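K.L.:
Sequence:
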Amino acid sequence: MRPRERKPGCGVDACLPDGLDGASRCAECGVTQPCGRLRAGRRVTDGYAGLVRLPTLIEPDPARVILRPFLSALDPRDLHRSDLLRATRLIDRILAMDAAAVEAEFATTLRDFGARHADLATAFAERYTQIRDLLGLADDPIEARRLLIGAFFSNEYSFQSTALFNPSIVPHPDQTGLDADELRFVMSLRATGEGHISSICFCSGAVTGAGEIRLDPPGRFATTPRRSTAARLADAYDVTFQPGTELGERVIFPITQQQRNGIEDARLVRFVEDDGRVTYFATYTAYSGREIAPEMLRTDDFRRFSFIPLRGDAVSNKGMAMFPRRIGGRYAMLARSDGETLQLVTSDDLHVWNDATEILSAAEPWEFVQIGNCGSPIELPEGWLVITHGVGPMRRYCIGAALLDLNDPSRMIARLRKPLLTAIGGERNGYVPNVVYSCGSLVHAGRLMLPYATSDTATRFAVMPIADLLDAMG
34 MRPRERKPGC GVDACLPDGL DGASRCAECG VTQPCGRLRA GRRVTDGYAG LVRLPTLIEP
94 DPARVILRPF LSALDPRDLH RSDLLRATRL IDRILAMDAA AVEAEFATTL RDFGARHADL
154 ATAFAERYTQ IRDLLGLADD PIEARRLLIG AFFSNEYSFQ STALFNPSIV PHPDQTGLDA
214 DELRFVMSLR ATGEGHISSI CFCSGAVTGA GEIRLDPPGR FATTPRRSTA ARLADAYDVT
274 FQPGTELGER VIFPITQQQR NGIEDARLVR FVEDDGRVTY FATYTAYSGR EIAPEMLRTD
334 DFRRFSFIPL RGDAVSNKGM AMFPRRIGGR YAMLARSDGE TLQLVTSDDL HVWNDATEIL
394 SAAEPWEFVQ IGNCGSPIEL PEGWLVITHG VGPMRRYCIG AALLDLNDPS RMIARLRKPL
454 LTAIGGERNG YVPNVVYSCG SLVHAGRLML PYATSDTATR FAVMPIADLL DAMG
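Residue 34 is where the sequence shown starts when you use our numbering, and the numbers rise one by one after that.
Treat the hints as calculated values from the structure; they're not laboratory data.
It cannot be assumed that every hint is accurate.
Said to hold, decoys possible - Beta-carbon label-pair distances, calculated as ranges:
| hint | residue 1 | residue 2 | range |
| --- | --- | --- | --- |
| 1 | Pro250 | Pro204 | 35 to 43 Å |
| 2 | Asp501 | Ala213 | 20 to 28 Å |
| 3 | Pro95 | Gly169 | 14 to 22 Å |
| 4 | Ala129 | Gly169 | 13 to 21 Å |
| 5 | Val465 | Asn350 | 14 to 22 Å |
| 6 | Thr141 | Val476 | 48 to 56 Å |
| 7 | Gly458 | Arg428 | 12 to 20 Å |
| 8 | Val385 | Pro250 | 40 to 48 Å |
| 9 | Lys451 | Arg428 | 39 to 47 Å |
| 10 | Pro426 | Glu391 | 21 to 29 Å |
| 11 | Gly362 | Pro95 | 16 to 24 Å |
| 12 | Gly147 | Val385 | 33 to 41 Å |
| 13 | Gln208 | Lys451 | 33 to 41 Å |
Source: prediction; values computed, not measured.
Ideal Cβ placement from N, Cα and C applies to all residues, glycine included.
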């Protein structure tokens, strides 16, 4: 995600919203399709009183790339014999090049790719070390040859070439330097690229007391973290981004075998312990290509992350979402086991979840096929606000809401009978049509700030006064 490159006389605000009728025309440049990655225009109101769709639109940007291993295995046991033989033959070809040819080829590679990555030569050196250890090579005395070997075993991956969607949002750990009525936020997004592999990326911004959104630039590069050496040995591991990387540059790409086809739909929560300590958690779905597994990550600063596997009878389906504090001294989550009911799950152990109680089931046609949460519950004086999703005819995904008792969240107080949001106009078109979906929202200055995905492709925002939302529940 990035603001589009401006043409003379053509700014973001000059683009009228498609938005909702499926086409866009820039008043200055005449482009009739989206001419930017971040577009803005008028506000749109529809449906419930007080609900406003904001004009900000976040779209996938295929120019955002990360560096990935071209030969992905780091352990010889993970390689097929034919892969080892092919890698060995490639090394032999590079070793047969004379020094001048090596220098020229490496210079060309650095010229063509150096501006697209931070410190590319260091990345090539690290990749060379992996290949050297993997194949049992002797160190080559020519530095350019070592780096060229690293380059041959690397490739660019456009991690958001297909979609940038299913957002989740929490207050930022740093609230300095803002106007009195503003709240800085961190937002996670599911980025999907080649091969339908999903990763987690981030952006930041601020919301004003009037419900306006301001997004920060994403940074020049995209980068992946360094992982612990134990990452290949267990599903519990740590990763750390280099100091100096901006939040919008950080991409968490699948690491373990369970995650190898995607880290999907992170649901962020700002968790406050009874003693006031703050930790950020995110539950997500790890997809191996054959099966799914709910997992969790935790962080204090969004630079260092710990990944935690989850176990227990209640850990069986997508869409677990953690409450932002303990309930009755226990951790609490929303979960589902059958796709047709929402459950409350509590535990004394963050890693093990067994005790589940049904709290909500499909009641209206727009949620007959499937029901689930759209992120962690939000604490209000009136109760726990739960944003939900439902699936109805023609696999149409809608967003709804329910209110749970503050002291006993197994008891539902109220719910919307009609969808809060349904895909309209141009929102209906995308990778998976007729879908609106979210993985988390927040409340600021008496308003619900709801980022939501449109048709598994892009991300928009809607706001609504909490008072209007509660009134609509009746």
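K.L.:
Which constraints among the numbered hints does this structure fail? Numbers only, ascending.
P.N.:
Violated: hints 1, 3, 9, 11, 12.
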